[in-house]
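Trainee: Spelled out from the first residue to the last, the chains are:
Number of protein chains: 2
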Amino acid sequence: MLIRRAEKMTGQPMQMDGVRDVTMRLLVGREDGAPTFAMRHFTVAPGGHTPRHQHPYEHEVLILRGQARVEEDATHHELRAGDAIFVPPDVVHQFENTGAEPLEFICLVPIQFDCGDGTCRPTPGS
Amino acid sequence: MLIRRAEKMTGQPMQMDGVRDVTMRLLVGREDGAPTFAMRHFTVAPGGHTPRHQHPYEHEVLILRGQARVEEDATHHELRAGDAIFVPPDVVHQFENTGAEPLEFICLVPIQFDCGDGTCRPTPGS
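Here the protein sequences come in this chain order: A and B. The first sequence lines up with residues 33 to 158 when you count with the working numbering. The second sequence lines up with residues 33 to 158 when you count with the working numbering.
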């Protein structure tokens, strides 16, 4: 059994095109022996955002603190602590901090995804 | 994209041997199209607990509110809001509310598990 607290971990700045002021902490990942999915903790500074992108695997998100807006294709949804969000594979999405305080959420991903050609690759950040 | 709040959902009492005062809300599950894993929200009343059991699939848990103790085989760990817990497959475990307020946590499971004979079954509560 593994027990971790995000606040005691050193965050890694998210390095990806289109990211602004996002830090990630891998709470449970592949290297911990997670067989199926990984739990990541994200902190987004006011005005910051994740990349606007899509990928062939899902997200399951829970907002922990702060105010957010998520883009889903051309529409937006306002989010706050307690909201759970399922982003299916291949849906364009972006999470943005619209508040004055840090936005915190967890985002879970499968540890691998099907590349569409019968092979699987490790999911980035898992 | 699916957005849900646990507090707006009707909870289902957890029906299982060894459970006391536990309510579940399925935030994201198989019937929502989740392809790999499911996010469930649990509320445990003071003095309540999940069953002491083991199964051939993992849990990834995040404590949201309250005080908990988790049993891992013969040892115990004290938990509070912000703790992430990885329970690997086949580890005996039990979550207990040790505080005076409701305990809330999310617990994620794979949507299916290998029965060990080459077949897979849907994970209960996914």
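Since the hints were made in silico from the structure, they are not lab data. Keep in mind that this is a model prediction, so the values were computed, not measured. Don't take each hint at face value.
[To be verified] Calculated from the model, a selection of chain A residues having no Cβ within reach of chain B, i.e. all distances over 10 Å: (1) Gly-43; (2) Gln-44; (3) Asp-53; (4) Ala-66; (5) Thr-68; (6) Ala-77; (7) Gly-98; (8) His-125; (9) Pro-142.
[Stated by the list, open to error] Below, a sample of chain A positions facing chain B; criterion: calculated Cβ distance under 10 Å: (10) Met-56; (11) Ala-106; (12) Thr-107.
[What the hints assert, rightly or not] Which stretches of chain A does chain B cover? Using the computed rule of at least three CB atoms under 8 Å from a CB of chain B, they are: (13) 81 to 94; (14) 146 to 157.
Heads up, the beta-carbon is just placed ideally off N, CA and C, and yes, glycines get one too.
Trainee: Does each hint hold? Answer for all of them.
Mentor: Hints and how they fare:
Chain B leaves Gly-43 of chain A outside its interface by the beta-carbon criterion, the shortest separation being 14 Å against a cut-off of 10 Å. Interface exclusion of Gln-44 of chain A from chain B stands, the closest Cβ pair being 16 Å apart, more than 10 Å. The Cβ of Asp-53 of chain A lies farther than 10 Å from every Cβ of chain B, with a closest approach of about 21 Å, so its non-interface assignment holds. The beta carbon of Ala-66 of chain A sits about 6 Å from the closest Cβ of chain B, which is not more than 10 Å, so the claim that it is off the interface is violated.
Listed as outside the interface, Thr-68 of chain A is inconsistent with that label: its C-beta sits roughly 4 Å from the nearest C-beta of chain B, within the 10 Å cut-off. Non-interface call for Ala-77 of chain A relative to chain B: holds, since the shortest CB-CB distance, roughly 19 Å, exceeds 10 Å. For Gly-98 of chain A, the shortest C-beta to C-beta distance to chain B comes to about 15 Å, beyond the 10 Å cut-off, and the non-interface label holds. Consistency note on His-125 of chain A: stated as away from chain B, yet its beta-carbon is not over 10 Å from all of that chain's, at 7 Å minimum.
Under the 10 Å C-beta cut-off, the non-interface status given to Pro-142 of chain A relative to chain B is violated; the minimum distance is some 4 Å. At about 13 Å, the closest approach between the beta carbon of Met-56 of chain A and any beta carbon in chain B exceeds 10 Å, and the interface hint on this residue is violated. The restraint placing Ala-106 of chain A at the interface with chain B is violated, with a minimum CB-CB distance near 12 Å, outside the 10 Å limit. Among the interface hints, the one on Thr-107 of chain A holds; its C-beta lies about 9 Å from the nearest C-beta in chain B, closer than the 10 Å criterion.
Residues of the segment 81 to 94 of chain A with a Cβ under 8 Å from some Cβ of chain B number 4, which satisfies the need for three, so the listed coverage holds. For a cut-off of 8 Å, the count of residues in the segment 146 to 157 of chain A with a CB near a CB of chain B stands at 0, and the three-residue condition is violated.
Figure legend: structure checked against the earlier numbered hints; hints not met, in rising order: 4, 5, 8, 9, 10, 11 and 14.
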